Structure formats: C-alpha cells, structure tokens
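Number of protein chains: 4
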Amino acid sequence: MAIPRARLVSVIGAGNASGPPWQWAHVVGRLLALQGYGVVCGGLGGVMEAAAMGCAQAGGLSVGILPGSDPDQANPWCRVVIPSGLGQARNVLVVQTGLGVIAISGGGGTLSEIGHALKLGRPVVGLGTWELPGVPEAAGPEEAVELLLDRLHP
Amino acid sequence: MAIPRARLVSVIGAGNASGPPWQWAHVVGRLLALQGYGVVCGGLGGVMEAAAMGCAQAGGLSVGILPGSDPDQANPWCRVVIPSGLGQARNVLVVQTGLGVIAISGGGGTLSEIGHALKLGRPVVGLGTWELPGVPEAAGPEEAVELLLDRLHP
Amino acid sequence: MAIPRARLVSVIGAGNASGPPWQWAHVVGRLLALQGYGVVCGGLGGVMEAAAMGCAQAGGLSVGILPGSDPDQANPWCRVVIPSGLGQARNVLVVQTGLGVIAISGGGGTLSEIGHALKLGRPVVGLGTWELPGVPEAAGPEEAVELLLDRLHP
Amino acid sequence: MAIPRARLVSVIGAGNASGPPWQWAHVVGRLLALQGYGVVCGGLGGVMEAAAMGCAQAGGLSVGILPGSDPDQANPWCRVVIPSGLGQARNVLVVQTGLGVIAISGGGGTLSEIGHALKLGRPVVGLGTWELPGVPEAAGPEEAVELLLDRLHP
Numbered sequence: 001m002a003i004p005r006a007r008l009v010s011v012i013g014a015g016n017a018s019g020p021p022w023q024w025a026h027v028v029g030r031l032l033a034l035q036g037y038g039v040v041c042g043g044l045g046g047v048m049e050a051a052a053m054g055c056a057q058a059g060g061l062s063v064g065i066l067p068g069s070d071p072d073q074a075n076p077w078c079r080v081v082i083p084s085g086l087g088q089a090r091n092v093l094v095v096q097t098g099l100g101v102i103a104i105s106g107g108g109g110t111l112s113e114i115g116h117a118l119k120l121g122r123p124v125v126g127l128g129t130w131e132l133p134g135v136p137e138a139a140g141p142e143e144a145v146e147l148l149l150d151r152l153h154p
Numbered sequence: 001m002a003i004p005r006a007r008l009v010s011v012i013g014a015g016n017a018s019g020p021p022w023q024w025a026h027v028v029g030r031l032l033a034l035q036g037y038g039v040v041c042g043g044l045g046g047v048m049e050a051a052a053m054g055c056a057q058a059g060g061l062s063v064g065i066l067p068g069s070d071p072d073q074a075n076p077w078c079r080v081v082i083p084s085g086l087g088q089a090r091n092v093l094v095v096q097t098g099l100g101v102i103a104i105s106g107g108g109g110t111l112s113e114i115g116h117a118l119k120l121g122r123p124v125v126g127l128g129t130w131e132l133p134g135v136p137e138a139a140g141p142e143e144a145v146e147l148l149l150d151r152l153h154p
Numbered sequence: 001m002a003i004p005r006a007r008l009v010s011v012i013g014a015g016n017a018s019g020p021p022w023q024w025a026h027v028v029g030r031l032l033a034l035q036g037y038g039v040v041c042g043g044l045g046g047v048m049e050a051a052a053m054g055c056a057q058a059g060g061l062s063v064g065i066l067p068g069s070d071p072d073q074a075n076p077w078c079r080v081v082i083p084s085g086l087g088q089a090r091n092v093l094v095v096q097t098g099l100g101v102i103a104i105s106g107g108g109g110t111l112s113e114i115g116h117a118l119k120l121g122r123p124v125v126g127l128g129t130w131e132l133p134g135v136p137e138a139a140g141p142e143e144a145v146e147l148l149l150d151r152l153h154p
Numbered sequence: 001m002a003i004p005r006a007r008l009v010s011v012i013g014a015g016n017a018s019g020p021p022w023q024w025a026h027v028v029g030r031l032l033a034l035q036g037y038g039v040v041c042g043g044l045g046g047v048m049e050a051a052a053m054g055c056a057q058a059g060g061l062s063v064g065i066l067p068g069s070d071p072d073q074a075n076p077w078c079r080v081v082i083p084s085g086l087g088q089a090r091n092v093l094v095v096q097t098g099l100g101v102i103a104i105s106g107g108g109g110t111l112s113e114i115g116h117a118l119k120l121g122r123p124v125v126g127l128g129t130w131e132l133p134g135v136p137e138a139a140g141p142e143e144a145v146e147l148l149l150d151r152l153h154p
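Chains as they are written, first to last, in this note's numbering: chain A, 1 to 154; chain B, 1 to 154; chain C, 1 to 154; chain D, 1 to 154.
I should point out that these hints are in silico values taken from the structure, not numbers from a laboratory.
From a predicted model like this one, the values you see are computed outputs, not experimental measurements.
Please note: incorrect hints may appear among the correct ones.
Same chains, same label: a pair holds when it works inside one copy or across any pair of copies.
Cut-off 20 Å, straight-line C-alpha distance, at most; resulting in silico cross-link-like pairs (SDA-like, lysine to any residue) [to be verified]:
(1) 119 with 132
(2) 119 with 20
(3) 119 with 107
(4) 119 with 131
(5) 119 with 151
(6) 119 with 45
(7) 119 with 70
(8) 119 with 35
(9) 119 with 152
(10) 119 with 16
Just chain A, same shape as in the assembly:
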C-alpha cells in the first residue's frame, strides 16, 4: 500500500567551494544518509557535489535540480537529475523539495535560497554562511545535521 516517500534535506552553498566548506558538505551528506535522509541540491559543483557525493556514498538518495536544461551539467553523484531550464528560479524548487535546509558558505544564490526558506517556513541551519536572524549557526557539520533534525522533529 503505497511506498515510502524519500525524506530529503536541501543542502545549499557555493558552487565553487573547496577546502573546509567542501569537506563539511561531504560530511553533512554522509550523516544525512546514515540517518535515513536523502539530499536535494542544485546539481552542480562545490557544496552541491560534495553533499550529493557524501550522501550517495553512504547509500542515500541524491537529487539534483539544475538551473539549465542539459542533464549532463549535473555532478556525477546525483541519482535523480531534474534539468529544470528555469535558471535561478530553480532555487525555490531546491528549497521547497527539502524538509529543511543546511546552508554551507555561499554567495547571492545561497542567500536567495535562505530567503525562500524563511518565507516558506522551512527550518534553516547555517555553517560558515550568511549570518542572519532565524538562521542558527552550527560549529561543524555534525552539529549542523543535529540542529536541523532537532528542528524537523521537535
């Protein structure tokens, strides 16, 4: 009678992240998968790729929603690719598809996603990203996942 629906968390952040933010995103993706969650991201590189990789390597479901219409632009760790062709408007979909959001580093695009999440009432946790009211800052990837799951299951 019906099938279990994937529970996804949005992981957002800089498309050109490297170093610590990349590592954080990879750990976040892995921890989410180990807790039974999948990851939805923007499908490109940096934080998006690291989170999808960490998730997929730990057996979780990874979904990438691309701004462009070419599925080959997706990183190789997204099991499901939505080539939206919507440009930056796809940011809303990334946020709306997740139960909550973990934001890691990032620029204007990430800021737009945090804004959409606040508007939509999705819980958001930050990790080295924009400092904003309503966005608690985690000390590391483990705490980020913990804080977010606490907010999903209060």
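With chain A fixed as given, assemble chains B, C and D onto it according to the hints.
Positioned in the frame of chain A, the structure of chains B, C and D alone reads:
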C-alpha cells in the same frame, strides 16, 4: 566512481483518467520499471498515479513533479516528490526530466506537454491521446513502451 | 482612483515566420491596438516581432516575455520586456498574461502554448496553425481578431 | 524605427508594510517616474502597492508580476499585470526585469530577491531592510533613488 543515474521516462495524461487509460498507464509504468527505467510524472491522480504505481510496484523509481507547493498533494506512489509551486509551468519540467514521453489520453495540459516535448526534441509516443504529426500512436501499452524505447536507442 | 489596466492579447507563433504568417501577425497586432488592446508575446522574432511591431506602430502597448535572461534578445518593438530566464516555461506566462490567444503558424512551442491556453480556459483562435478541437480557424487576420474579441465579449 | 523600451526599476519589500516604509515606497515610486523610470514590483500590497501607486500617479509605467495566476489579485496601480502562477519563483522575474533594485523593509521574500539581485549582478540599495554586505543603506527615499541611479549610470 559516481553512481548510476536514474533513467526516467515521462508518462503524461489525464489527471482524472479511469478505465482503459488508467490500466494502460499502470502497465506502462510496470513495463518501464521491468526494463530498468523509472517514471517521472506530474505527481497527481489518474494517469500520473497509475504510472507511478505500476512503476513502484515493479521496483522502479517514481518521481512526481507537482504544480503546487504542498507535497501532500502527491499520489502515494511517488518516491521522490518535487513540490514545484510553479503551476502549469511545471509541465516543462516533467517533460524535460524524461528521456522520452508516453502520452496517454489527456486534455490541454497533456497537449502542452506534447508541445514542449516536440520543441525540446524529446521522442513522444501516444496512446489514445491527441493525434498529432510527430507523435506515433501505439495500439496498446506494450507497443507504446516498445516504440518509445526504440526511439531512445535507435 | 487606480489606473486603467492594460488589456493584453497573447499573439503566439513561429519565431522564424516570414511571408504571409509574418504579415498576418503584423495586421493582427495593428488591429488589436486600434481596438484598444495591447499585445503580449514571447519577445523574439517572427510572429512575435511582427505582432509587437504592428501593435506598437499603431500606438498599442507591447509586452515581450523572453525565455532567456538577456533583455537585449528582445525584438525592438516590445515596450516592456520581461527577461524571464525560465526557458520554455515562459510559454505559460505568455498565455496567462493575455485575455485570449491568437496563434499564427508555429511549431512545438506554439503547440505547448495552445495546450496551456486550453487548460487555463483562455479562448484561442488559430490562423494557419495546428488544427485542433477547441481552436476555431480564422480565414485571415481581420477575422482572427474579430473571432477572438467576440469570444472575449460574448 | 523601434520604440523606446521602458526602463524599469524593481521596488521590493514587505507586502504588509504601513507607516514609514509604505511612505518611503510611495516616494520612491514617484521619484523614479519623475526621472523617467517605471517600476516593476510583485504586484501585491504594502511596499509593492505604494511604489506602483507613486509611480502611476506621477505618470510612470508600473508593472506587477504576481505569484498567483489570478490577475485580480494585483493592486490597482499596476498598468501591466503578469499573473505568473509561479509562486515564489516569480521573485526572480521581479528582480531580473529591473535595471536595479530598491529594497524597503521586507522579510524572507525580500531577502530572496536581494540574493537573486546579488547573484545576477543587479545593483541593490536598501532602505530599512536587511543589512547585508553589497547593499548600501540609504537614509531616506530620495537618497535611495539617488544612490541607485548613480549605480546605474556610473
């Protein structure tokens, strides 16, 4: 080294289908899953639900891209739900996410999706749907799947 | 006490139209402007440009909703340009922004717009375009405008 | 030979604004119109309505891009209404349609628009809104318009 990407086929059609079109969609979903494909649909009822059900029951991956922003509007057979909030604009995403399209019955929304598919160069096969140049008509669900897979792997 | 809202008609069709369809679109744009309507189109060439030109030359308001994000891609006859960045999803907006639709020639993109119009309940009149139930065919641009305005003001 | 294209400025902010932010938006809309600019906004109430009103009352062109598909939801001061039906994804269009952005008060939706503007490279000036790097804060509506126009014509 990377993970296998889901190969999805778009199944589109009337949201209030019953009787033969519903049965056709269910068989199409099952056959696609048995051939290693998943189904992407509009996430609602009728043809969308039947195709997702047939796919999921046969072990395939089912994706629903909803027009609204409430994930609870999705039928219970979609493993991945994208609550797009885009209204009818989500039709483009349903078509763009699949490698090809099987159209079963349907009204204006289905017609818009066939148009988008023709514009995007996605192969389309029809089953009791709009008769249009460029859309070969199948005699039944088995032939619809066969015709579409032939066009995907010429 | 408020301002008069522009009454717009969607004119859709082939982006590479020339010859008669181009002329028809130009006349349609002009006649609409002379009757107090503006034109909303996809902002590019062919039918879109001809309709915007005819409208603007007759003093009407012309609106172009582009698929891309670069406003410079718009034809020079659109007074208001919406660079949507949405790709083909912008087709819904073109149809939804008008009170009704006149379709002139066209391929898959135009077909998608006719489908969206039927789904949304917008009246559609065709002129050398897809022959479809629910889409009356006009014998020329004058009749197309007449048929559409009749359907807007029954 | 072609027609002058409307030069639009995006005015964004709280849909329930009253008091000073409402007054600021009204002055901003008026000053923009007096300088030859039109206003594009989200088409609803609060800052959106005040800016459209100020603009229209001073003879400027006002454009509203609604989240919903019902044009009657627009405030009465928008001359051109785009009922997008895109939900929050319409925020990108509001920002993308303007040459630059003036943000007045506002919550998550406004934050998403500022983020989109920063990503798209549109200049943004703030007035009693989110304090963010890259968003200079004006002391009042006159300075907001002046700062923005300076950034548009350096």
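To see whether the hints hold, each was checked on the structure:
1. Taking identical chains as interchangeable, the C-alpha atoms of residue 119 and residue 132 lie at most 20 Å apart whether they share a chain (14 Å) or sit on different chains (18 Å).
2. In this assembly of identical chains, the alpha carbons of residue 119 and residue 20 never lie at most 20 Å apart, being 29 Å within a copy and 23 Å across copies at closest.
3. Both within a single protomer and between protomers do residue 119 and residue 107 lie at most 20 Å apart by alpha-carbon distance, with minima of 19 Å and 7 Å respectively.
4. For a Cα distance limit of 20 Å, the shortest separation of residue 119 from residue 131 qualifies both inside one copy, at 17 Å, and across copies, at 17 Å.
5. In the homo-oligomer, the alpha carbons of residue 119 and residue 151 lie at most 20 Å apart inside one protomer (16 Å), although the nearest pairing across protomers, at 29 Å, exceeds that limit.
6. Taking CA atoms no more than 20 Å apart as the test, residue 119 paired with residue 45 passes between copies only; the shortest distance there is 16 Å, against 26 Å inside one copy.
7. In this homomeric assembly, residue 119 and residue 70 come within 20 Å of each other (Cα to Cα) only across copies, at 14 Å, whereas the closest approach inside a single copy is 29 Å.
8. In the homo-oligomer, the alpha carbons of residue 119 and residue 35 never lie at most 20 Å apart, since the shortest distance is 27 Å inside one protomer and 33 Å across protomers.
9. For the homomeric pair residue 119 and residue 152, the shortest alpha-carbon distance inside one copy (17 Å) is at most 20 Å, but the shortest distance between copies (29 Å) is not.
10. For the identical chains of this complex, residue 119 and residue 16 are inter-copy neighbours only, at 14 Å across copies versus 26 Å inside a copy, given an alpha-carbon limit of 20 Å.
Against the hints set out earlier in the document, violations occur for numbers 2 and 8.
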